[in-house]
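Asker: If you want the building blocks of each chain, they are given just below.
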Amino acid sequence: MSDRRRYSQGVSLARINAVFLKELIQMRRDRLTFAVMLAIPILELVLFGYAINTDPKHLPTAIHAEEYTPIVRSLIAGLEHSEYFDISKNIPDAREGDHLLAGGGAVFVIEIPVGFTERLVRGERPQLLVAADATDPVAASNALSRINTIVNRALRKDLNGALAHLQADPGPVEVIVHPRYNPEGITQYNIVPGLLGVILTMTLVMITGVAMTRETERGTLENLLAMPGSPFEVMVGKIIPFLGVGAVQTVIVLLVAHWVFSVPFVGSISLLLFSVTLFIIANLALGFTFSTIAKTQIQAMQLTVFFFLPSMLLSGFMFPFRGMPMWAQVIGEVLPLTHFLRVVRGIMLKGAGFGDLRMELAAISVFMIVVVLLAMVRYKRTLD
Amino acid sequence: MTELAIDVRGLSKHFANKVAVNKVDLQLPKGQVWGFLGPNGSGKTTTIRMLCGLLNATEGEGTCLGFDLRRDAELIRRHTGYMTQRFSFWTELTVRENLEFVARIYELDNRRRCVDDTLDILGLGHRQHQLAGALSGGWKQRLALAAVTMHRPELLLLDEPTAGVDPQARRDFWDQIHRLSNEGMTVLVSTHYMDEAERCDHIVYLAHGNLITQGTVPDIIDQSGLISFRAEGMNVRALEPRIAKLAGVEYAAYFGAGLHICGHDRALLEKAVESVADQGYQWHEIRPSLEDVFIALMDQSGADIRSHA
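Protein chains in written order, with this note's numbering: chain V, 6 to 389; chain D, 4 to 312.
By construction, these hints were calculated from the structure, which means they are not laboratory data. On a predicted model such as this, the values are computed, not experimentally measured, just so you know. Some hints could be false.
[What the hints assert, rightly or not] The calculated label-pair distances, taken between Cβ atoms and stated as ranges, are:
no., chain 1, residue 1, chain 2, residue 2, range
1, D, Gln285, V, Lys27, 50 to 58 Å
2, D, Asn113, V, Leu260, 38 to 46 Å
3, V, Ala23, D, Asp178, 42 to 50 Å
4, V, Glu101, D, Leu96, 52 to 60 Å
5, V, Met42, D, Arg89, 24 to 32 Å
6, V, Met42, D, Asp28, 46 to 54 Å
7, V, Asn22, D, Asp178, 52 to 60 Å
8, V, Ile298, D, Leu96, 22 to 30 Å
9, D, Asp204, V, Gly242, 51 to 59 Å
10, V, Met381, D, Leu96, 20 to 28 Å
11, D, Glu62, V, Met323, 25 to 33 Å
By construction, the Cβ of each residue, glycine as well, lies at the ideal position given by its N, Cα and C atoms.
Can you make the complete structure from the sequences, with help from the hints?
Answerer: Set out below in structure tokens:
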């Protein structure tokens, strides 16, 4: 029977085809993986192509003006016209400016002192004080490098006739910039605290997402469901160990920030720990929710990447938040990392207190509650 | 009247557009061991899952241990032990750690003693520090049985607990089932093994989601009205293709060195036997085995379903 010994030697196209067809079918059956594979390139193109802008404009600016003369008005109008400064507030009190900077409500506080107009007209070069939030050296630098030009241009049409000579060098106004919090513009001061949030997001969402889908994949979920226990008990029990993991990560990042990168820590440690705990729980609950959607561990990982990508790009970690178009900022505001970055940078670099950060903490809390509720609704007590 | 551990009527489960279980009635008295039989996909697992609250019934009412199937699922869970078909304990945990987990979930008092006793009774003591994932099939089943009985459930639901386990381990396992039953536990166990079915007080036969027949093993054999003949002799292998097609022979199958033919019509069967009488086989009538009955039932219900479709 020579037939029994017959087999094709070398590469068999039929076998390649067999494997190819099998893979194609499997790929098609795993809808979620397929969707994520298509969605990620689209997401990246949109985020990198449209959302990211390294020349941030429309930076929120508060003005503390002691007088409102026509010249001051021209100056303010000129600042707004430049598109770099969004004059969102006129504050009556210089101390409010400090709070706005600390809480992230303003990137610049511009102070126009008493007698500004009078001294300008007399050619005494009055000072224009600009306090800038320099925690992110990139975010404010373009605006600051242009402010002199903007001011001069704003005053040009008022300074004509007899005042025209004031336009000559060195200019009618002396702009004095106070970069706050990170005066030397050290990028690590901004990046390292931010990394805390990025690390926690990446690892914790994935770890809980996978932990629950593992039960589904191995069949142990059926066992768990047949035993007494509410979804809440299961979720809390599952999450607590990872809370510990998050705590260890936090300690490591903070120690490295201090010993290796000499990042200043001017705020309250206990406020930071409280905020970190809130943030960790929000991420763990999100992972748990993902695990109620994903059927396999791989799907859970893919969902994590799908969430992590915008978190990284739209939160203000890699690129200045204010530089993004409005729609991207709206998405960014939904992400807990965005708020956490403001909180952690606020506490460590600016010494921001609870009052300054309450809106950010509230946003993280709302996210957490929504995600927990979603997880409770999605976690089924049956195999239906 | 005896008290019922399970009392359900019209239990049905529909998945998408498939009827997995169709209007099943079950009245299982406390303290008995009932066997659940039927071909793969007959609805055994689905029924068991509905009984312990893992699936919501599409239709039907009833109670399990006196608790309403729909409203009191949490109470049913507390008093029921359910052993899944596939090993579903945690392979990265040791035998003991698995049992401790279960003891905590059920909030057992004297956890340590409970675990020790359970390990002892099931002979798992010397393996308590082994990872569950490293156990062989038989020991895994034993661990699973230990874990689902530790909280002293009133009802034990076992879904093909001995699939893929060697005969010695199966026998040990059944000794444990009878021990638990003697202690007052009600047991519902699904199986494909006829010898296991014969160890049950009562068997229920499902096919295509329908309850086809139930009763004690002798009852079911008697009620079937099936007649069996056994042929022995040289060259019995050549007999089957010829006799299987004759009128009245519903099915023919080899058993060891013999061939069994079964049917419901005695006259036709005897005629079939006579037609091959000259070939030197020894024929004698035998009592149909449970397997004969089930294969006949399977063919019948399959034909019924096909004729309805």
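Asker: Checked against the structure, which of the hints given earlier come out wrong?
Answerer: Failing hints, ascending: 9, 11.
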